[in-house]
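Asker: One letter stands for each residue in the lines below.
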Amino acid sequence: MSKKYWQNFGELNNSAAFQQQAKDEFREELPFEGEALSDAKTPRRDFLKYVGFSTAAAAIAAGCEVPLKKVIPYVNKPQDLVPGVSDYYASTYVSGSDVVPIVAKVRDGRPIKIEGNELSALTGGGTSARVQASVLDLYDTARLRYPMADGKEVSSLEAFDKMIAGAIGGTAVVLLTPTITSRTTLKIIAEFIGKYPGSRHVQYDGISYSALLDANIASFGKRVIPSYQFDKAKVIVSLGADFLGSWLNPVEFQRGYAKLRKIDEKNISMSKHYQFESVLSMTGANADERFTHKPSESGAVAAALLNAVTGKEVSGVSDKVKKGIVKVAKDLLDNKGSGLVISSSNNKNIQVIVNAINDATGANGSTVNWSLPLLNKQGLDSEMATLVADMDGGRVSSLLIYDVNPAYDYFDADKFKAALKKVKTVVSFNERMDETTELVKYILPAHHYLESWGDTEIKPGHISMMQPTINPLFKTRQLQDTLLKWSGNPLGYHDYFKDYWVTTLGGEDGYNNAMMNGVLQPETAAAVTAVSLAADKVAEAVGSISSIKKGGKYELVLYQKPVLGDGRQANNPWLLETPDPVTRATWDNYVIMSPALGKELLGVDIADRRQSDTFEVNPDKPVVKVKVGSREVLLPALIIPGVETNTIAIAVGYGRNVKSGRATVGAGKNVYQFALGGDMNVSDVAIELVAGEKYKVAQGQTHSSYEGRVEVVKEMKLEDFKKNPTEILQERDKELKPWGGLENFSKEGSPYPYYDKPGIKWGMSIDLNSCFGCGACVVACTAENNVAVVGKSEVLRFHDMAWLRIDRYFSGNPADPDSIQTIFQPMLCQHCDNAPCENVCPVAATNHSSEGLNQMTYNRCIGTRYCANNCPYKVRRFNWADYTGADSFPHNQDQQLVGHLDDSVHMMNDDLTRMVLNPDVTVRSRGVIEKCSFCVQRLQEGKLKAKKENRTLTDKDAKTACQQACAADSIVFGNVNNKDSQISTVRRENQGRLFYALEQLHVLPNVNYLAKIRNSDMLTGVKEAHEEHGTEEGHGTEKKAAKEHA
Amino acid sequence: MSLLRYESQVREPLVTGAKTYHQVTEDIIRPIEMNPTRLWYIGFIISVALLCFGIFSVTMEVMYGVGQWNLGKTIGWGWDITNFVWWVGIGHAGTLISAILLLFRQGWRTGVNRAAEAMTIFAVMCAGQFPIWHMGRVWMAFFVMPYPNTRGPVWVNFNSPLLWDVFAISTYFTVSLLFWYAGLLPDLATVRDRAKLKWRKMMYGVLSFGWTGSTKHWQRHESLSLVLAGLSTPLVLSVHTIVSFDFATSIVPGWHTTIFPPYFVAGAVFSGFAMVQTLLLITRKVLKLEDYITLEHIEVMNKVIVLTGSIVGVAYITELFISWYGQNPYEAAAFRNRWDLTTPYAWSYYIMMGCNVLSPQFFWFKKLRRNLLFTFFMSILVNVGMWFERFVIIVTSIYRDYLPSSWSTYYSPSIYEVGFYLGTFGLFFTCYFLFSKFFPVIALAEIKHILKKNGESYKNNMAGIEKEPVEEFAHEHAHDHGV
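Chains as they are written, first to last, in my numbering: chain H, 1 to 1046; chain E, 10001 to 10483.
So that you can see chain E by itself, here it is in the shape it has in the complex (with noise of 0.2 angstroms):
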């Protein structure tokens, strides 16, 4: 006798409390309807004071020159390209739950997609400041545009990587755009429906375009959801790949390696996933919606950091090999530079080593990966530790390539560099909690597609069923049907 079984015992329900619809939009929509939060202005205050001090860090680079940062003639990138580099990384893992998740149909993205694709959006807009204003003229910053001009023409310089992060970057997040915003129109129309005040209809009006649910709407927002996917899927690879070659195809020892784009790829979306989890976690308690951002969506998360983190290692234990197996002695000398505890930046590589290599290997443990705190410790820990991977790559190459003439000294950032990076902090989380008051930080209508097979009342109508034979079950209804 063998038992009837739709769904593998494993697969926990997605959505839990036995939600029906009505509580499921209810449960959603309730943090825009509501005032905000104390908590909540508290943190926006400090988001916008953060991005007010880096506001005014730029400017003083802008106004001072680029001295304003303690680079030099050998160090000519610092925090500004490492935080650059994060930031792109950290903006990896939406677009893959978005796109590469829904190709392969997994439902649990749901949970998550939308709050993952938001910091995509706001990681990349971060990111983007970095390599803007970094530049020594920051006001001759539109000549990296390959437009028709009078100046010649002169065109760009299609061979340099610089100009291949600035349409990668470009394309990424305008398809990354265009993703959250198709996939928040039902949404959005949902809560124009609710609106009681005028302008709020006004406003979800503008931004529903006009959403009124009907099929042919529905069929055009799934094309063009899996027309988008198709297009996201392999700019999550390309995009740090192209990153990556800022680097790879340069003749800087340390940088000069071929691993780079797979290596960059797996950091990135590492580094995502950590950083979906710091934010999942804080706004699945705040916010109440323990229910749709269940520990399964975390345990799966914390499966994928386990997996890129032990991707990464062995990146990082691939390129120590090749430094010595390789024989040439440049590299060998750069590598020595990050290993040799004696030399003045291996703290630096051991806390890579450390926050990304060995910490994330304690998500074998199922207890761990389901551990709340300990999850949300991990993932500031990852992130921290793909910070450091950033500056160790950048800093701790050029600090001492070629020519030992020009090796230079111990490279501390000066308050600007620290102000520029915190003030993308400030923009970032202004913008994540104008989105979670604004916007609905869950895909309800996504949810609700789900919510049949995957919530928990659906569960457990179906736990009855399942405990029956298959014989009993087929006597039990072949009656109903006269088969």
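For reference, chain H alone in the conformation it holds in the complex (with noise of 0.2 angstroms):
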């Protein structure tokens, strides 16, 4: 026991009254220890307890649940792989005969994004919107899982090559492919004709270009098709060839042609586009000069301009064609040498003429260069019509059908279709169940490009390896492994082109070279050669084109879209609600008509004002009946100015069967049919309108005049700017005299301060003189971003959410087609420095980054819009519903009443499509708005690179994603704040040409344009308008000038 001190007696004795004084020392409780608060129903901890699990509770239950999706570690890290780092692989775009160099870029196993392969001598980076697309068709719902025999799964791949080894048996086989350029395929194809004796190999493409190759023959005794150097022709002369976007190999053409339309101011000069054609085209919307003609004339025309280059009378053309084709005559003939005649005629007689020109006018040699021909495509027609026949005739027993679809695009169909049925063995190596798969009775689909090996050789020498960039995801097999087992060779299809370019390149280090850098091509370009012209065949042909019979009172024209092309990726949703270039309209086709024929036809006057505003907005159409002899078809019709009166135009591409895939439902129709022996012109047609019958077109754009805006888009002639090159400079200058001038005009544009923007300041720069409009850029963006596809139905609701669009204008008089003029401008968040945007946003959900890009969190955004309504150039868009299965609310897109989600949209939230997203970018939820962020996981990943590096940031760190695609380099990026950038460069250089859009509001964008120069006499619609700015009649006139739609 120990010690115990006391202190007093009291405490010593412990009295009671002691015991009373010290309970009584601290008189008042502690009110919570009272008796009456302890004993309460609910105690103070208690009720501390209840609201601590009351908030909880609460906050979880505000804080709707999201769904969970497990993420699975990695157990055994594979070796190279860094989570979250992406890999680039070198490969090769293929589809159908189209070939383009790309890099593949692959995150944690997948491909997510295409990029042009920079090392290309003749792309140079550059890509197209389906090369773009082309990585969602990777992960298309519809591809065909598993080989098939009888539309039923086989068990596996031997046991389907024993199928066919019984099915076949060794006679003799045809292999119906497209165009093929790989060395390898070619000698495996090769081989495997020589184990199955009597074989052959048909080489098929969808749009024919066989009266090219047909005419070369006859002219130059060589069937091949030469390559057009645009870069090097002053004046183009393009026949109805859509050569920046459907014709032969548009990527490489935009990038020579880009080259000659670039201004640089210190040596104004730029190449001289004519074109000739029945249709507005999209390579027709960038040409300086348009004529057009029925197509029934186009042989005419091309005689008409060897007349006249020829020195002889020209006629048989109406007076205005008359007067072009005289004047470029003359323009050909001082341009001797560096002028280039082309035509997308499949009529032999036409192209021996036009061979004729280009030799008279002496391009060939020089433009056209037999040195280099283009190996893409080879497919005759003759060979498919024999082809045909044998099949009908019962004389072929085997046919292997590989990426060919003659059953949809074949202009005799039906007659395909029953020939087929007299095929004993037939084999598809279709990668989806097409029209043609579909009555087929043994299918092994093969690998997509993208998983599979393999090389291309669009010319001599220019070689673009293929790599696999992710294992199989179905049970397919790559064609060349098929064939090689099936004419018994051991070799996989993988060490057999090992094998075959270890020994071309002389090494392993030569092969994995060639992997590494995806393109081989010859060190010095070949001379351009010349090929002597046999005359004698153009009299010939000069005769045979005046007995083409005159055209009915209408005719037709079949064109390819820029954006969707032949109709291989018509299951694509990117590319179907990408807008066409030049209508403007997503996921149908329809028929293209003139306002004269409008007003025939139709009822509708665009030229009234009130009729035209409601065509305009209006999706529904009305709908035309045509007929070309007994085939007919039900297409709603889009006025479009530039057309030719008397001429409609249809897109082919679409009209997919059911089974090719969900996004192909209801798109369009066939129009393959009316292309009678390949020609895509057609020069009689009935066409009729169905009374009380509509359907609705859904358009990215309806209004399509710029209403003399000339703060929106600046043109000019060059003859002009040559004159002043100067002349917007002054303009702007003089119109922010007010508020500073140019100079001063972000300082006291605003009484607000003025801070300065050190560090990095992203700016873009957009040359309007080498846009073309095709849309690599728009695809890019969406690929990139996530940018989410909202089907027909919602577009239809302008509730598109295109990040990037482009904008198109006409001006010129509706009733003259040749006077329309278009110009092209790609619109995307413009960065502002002072951004209308951010201020009248209540929680601060987008603000500006001290790199200038005004930014948005989507976390943050509660959805009031203001924004977007105060935005000027309309980019922001919002989520209107949930498009892409990012929200919290299970079951929300089964609207009943009032819109409709696709099913292209639940297509694109199948969880197959799902792994083309990019992990670096939010997919946005309902409700919150969303738009360009410059791309700025890139930015971060390029600043971070040179950081690690030590290095200051380069151009090459960060580039955005339509800049990259752009085959044309029209978008420039860049630190705008480094001198010696390329957007800084720009700028300087271009001084005369760069304006701001809207720049008087005081935005202060960051995005520039440069103007677009147009080497012609005359700029339809601006210059009235311009003069009479700032009054009604200025508008007016504008407007009254283009009241085209659609």
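Treat the hints with caution; some may be incorrect.
[To be verified] Rough simulated footprint, nothing fancy, chain E against chain H, three-plus residues with beta-carbon under 8 angstroms: (1) 172 to 183; (2) 802 to 812; (3) 827 to 840; (4) 869 to 875.
Simulated from the structure, these hints should not be mistaken for laboratory data. Idealized CB from N, CA, C, for every residue including glycine.
The two chains are supplied separately, each in an independent frame; assemble them into the complex guided by the hints.
Answerer: Here you go:
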């Protein structure tokens, strides 16, 4: 027991009195320890517990449950794979006979984005919309997933091989493919054919270039297509060829063409582009001068031009066209050796005449280069016709079909289908249940190109390699592997391929290098060579041209849309939702007609403002019946200026079968049946209005005139620009004079303080002279930034989500198709330094970064849409519905009464399709605003890279997706504060053309445009409007001038 | 010889029918103590049905997204904000009547202020629905509240007019509610004192905060009323000014207009009075309160309507003039899209002009001012016009703004947009029906204040005196007090 110390006697004695005193020393009880409270039903601690619990419960209840998805980490991390870091593999986009060298971005084992291969001498990193969209095809839900026989799955590839071995049994086979440019594949095919004596290989291209090949053999004795050197052509004359959009090899052509379209202000010159055509093609929209004629007059136009360049009398064409031809001929002769005439005609005689023109103007051997033929279009109509006849005659017992779809795109598909029934064994290697494959007994789907090995050779020596970027997703096999197996070769294709290239390139190193770079090309460009022309054939051709019968009252042109092409990728929602450059319509094909025909046939007079206002915004378009012979089709009609008065046009590539994919359902009608004999011009059609019938066409843009608003887009004639290269600059300075002029506008244009912008400041420049409207950037943006597909029903309701769109404006007199001038203006968030969207957001969900980016904080956004209303460029997009399935509300994609999410949207939300999503970019949920971020994820990555390497950021570190996609390098992006960057250089060197859209608003955009310069004698609409600028009349003139819709 | 005048002859009595204090109490409290009439039930059921439809419409919108409305990338606001501004405008008359007219000592306000204030509160409640439910992520609506938070903290954007709206509307609502309730206290106590049923005693007992009618209570009540009136007065002007900032501070041609604040306030008072007319004309009829809401009241309010309508008209014309005079091609184009008959929305502009500028001019005629049917018709017309004013401002400005490429289509509302709007009518009238059943629709105590001076019996008593010449009166009364 320890000792006890006491302080006083009281404590020692511990009397009752002392105890009481001690107890009373602190008289007040602590309130919470009083009896009343602790006896209460809810004492303090419990109360706190309840408060805590109920607050937490309320918080949990309020924060709606977000569906959980499990992520499983690697147990053993694969070598060379860092999660979250992308790998890049060089490969080649191959779609039918289209070939573009690419680099695939692979993230955590799956390709998510396609870039052009910058090492390629031909495309230089350029891509097209289809190339950009092709990565989505890899994850297409409609791809066939296993070998099939009689519609049932075959258990294994070996079992399938056995089945086929039995079915073919060593008899002769026919292999039907698109043009194949791969050396190893051609070798394998040759070996295969050797094993099955009597076999043959038929190449068939859905869009035929047969006449061109035939004409070249007639004129030059060579069945090849030469290289067209647009980069050297100062005078370009296109007879109907949409070479920037769909003809032959548009990516290469865009690149070459752009070289002479860009303007160097120190030495102002540009090429002159004439277009003779019947409808307004994307290429025609970029031409300096256009002349329209009937499709049946194509031959006459070519013959007249030949006459003109050879000094003969021009006849057989309308006066307007004649005037044009005389002018063109003079230009061609003045620029001997640097002119280029091309034609898209599939008439051999016309092509022979074009050859003669090129020969007469010295193009043969300069801009028409025979030493480097283009190898990607070798299909001959005659071979296909023979094959169909053979099949029909029962002379083909086995047919192997690879990557072609004649039951859809052969003009006589019915005949082909009937003939196909007579073939004993048919095997299809197509990747989906397309029109041909669904008629076939044996199906062995091939890999997607991103799963394949291979090589391509688009021009001799220009080789581009393919390598898989992902393990095959399904039980599929490459054609080459199959052929090797079936010809009894024990090697797999990869080994075969590798052996070939190791041998050819002299070693493993060469091979590895080739795979790394993706492209092999000759060190020095082959000398341009000419081939002498067989002059005797020309007279013959001219003779037969004159016998071409006159067309009927109405004529028809079939064309490929620059975005969708021949329909091979028709189940691609990215492509279907990208507006057509000319019509700005999505998801459908339709009949395009001139305003005059629209008035006559549809009773819509677009010169009347009320009618045009109604027609242009009302998606219900009248339906017309188009009839060629006994074949007919019902399609909606759009009125587009610039189309020859009595000509209509319909795009091919639509109207796929239901099994081709969920997105194709309801998308347009197939019109390949009208391309009689592979000719896309039809000289006699009947067309009538189907009374009372309407069909909705979803357009991304409904109004087509820029109403003389020169603050929005600026264009000038070359001649004027040469005379006064600083006119635009002076005008801008004059306009901004009251607010400090150009120099001090950013400071003095506002009463608010001005802040310095040190460090990085991002900026973009878009050259309107080299933007052709093709849409590659639009799809690239969609792919990079996980931009949602909303489906036709939602595009119809103006709910499209595109972060980047290409505005298209017409000017000119709609009654005169030749006067129509078109301008394309890519429109994206301008990242204004004084952004009107930023200060109106109540919750500061959009704000400015120190680097000049206008940024969106999705998880802060509450969706008031005020920013979108206040954006003068209308680039902000609101998530009107749960397009991505990213929402926290379940089952909210099945709208009943208002709105509808099409199956294409659900397809995009499939787990397979979602593999294409870029993990660096948030998938936006319903109810938030989104818009262009200047690909901020790329900028961050680029900055980090530079920082890790301890160097300043260069232009190569950070490129936006749109910039990278553009074949014409129309978009330049970089750090404006770095005086040596490309963007600074471009802005410095193009002072005369530089402008900011709606500059006077003092929103201070970080995107500038370079004005469009037209090498033309006229500038329709704009000038008058400009002079009367500010008056109602000014707008009126322009409005009257271009009341187009559609 | 001059006549004695206590009051101008043009002043009519504000309470007719020679009422005594007790009669006043009886008349006004009768509807509360009676069982509701058939008419009341029918009206109430319709209102509740509309409210339910509104709730359903909003539910669909929240479930599936704002895509359930027919807005788009160009027209981001349509019926939602149109209805918001319209309801806020309607909510202006009440406070104006109770606050500004109180300060100006306008005796006639007592007949109408209670109902007008109730209407204000209900209208602001309806208005508030729109900015809330128009949000894409309404479950995050609390982000607009500036409070310390764990997200950074992230603060609201004090530059945004929408945020000013949040403060303006909530302040206005709070002050209006307090003012209204403070005025109700003595009346509720009266109801309580007369109540025979236990639950009524209880309910009104609680509601009347223990009001006993002591002098102290009255003195405090009067002070409070004055203070609140002082507070509300600037609010009447500021709320719609701030609402107009939603547009005026933007850069959209047609919105970016400095005239908006006064123009909006005048328009708000205009539409508010029209709505008061609509409601009171029905109320006085149904509840038989013709003695308290007299023709005089109606006429005075019609005078306010013709005044504010004319101000609005001047504003419209000024705006139009400036669009030409200002030489801004974008603004000119925006206005052309209104007045030019060939443009798609011109009809809405002319409905607005007709209803708001032309029609009130009929009120220059006294006969028409005092015609009940005509007044009722006009009050509807004015509110149709004012709805179109907001529609014209919002939709016809943004459907065609700077970039012609983004010019959009005819916008027509979806069923859920209409449903939402009807739903707010449901909310408004449900509240109003409940109010008319459970609360005195006329400020009982205040009427009694003026009864002595403005009641008919007082006027009658005075008539005799007023006929006496001054001298006679002086002579007669000189003896009384021995002066």
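Asker: Tell me whether the statement that chain E covers the region 172 to 183 of chain H is true, taking a Cβ distance below 8 angstroms and needing three residues at minimum.
Answerer: violated (count 0)
Asker: Verify this for me: three or more residues of the region 802 to 812 of chain H with a beta carbon less than 8 angstroms from a beta carbon of chain E.
Answerer: holds (count 4)
Asker: How does the coverage statement for the region 827 to 840 of chain H fare against chain E, requiring three or more residues with Cβ below 8 angstroms from a Cβ of that chain?
Answerer: Coverage by chain E holds for the region 827 to 840 of chain H (4 residues, Cβ < 8 angstroms).
Asker: Has the region 869 to 875 of chain H got at least three residues whose CB is nearer than 8 angstroms to a CB belonging to chain E?
Answerer: Check passed, 5 qualifying residues.
Checked against the numbered hints given earlier, this structure breaks only hint 1.
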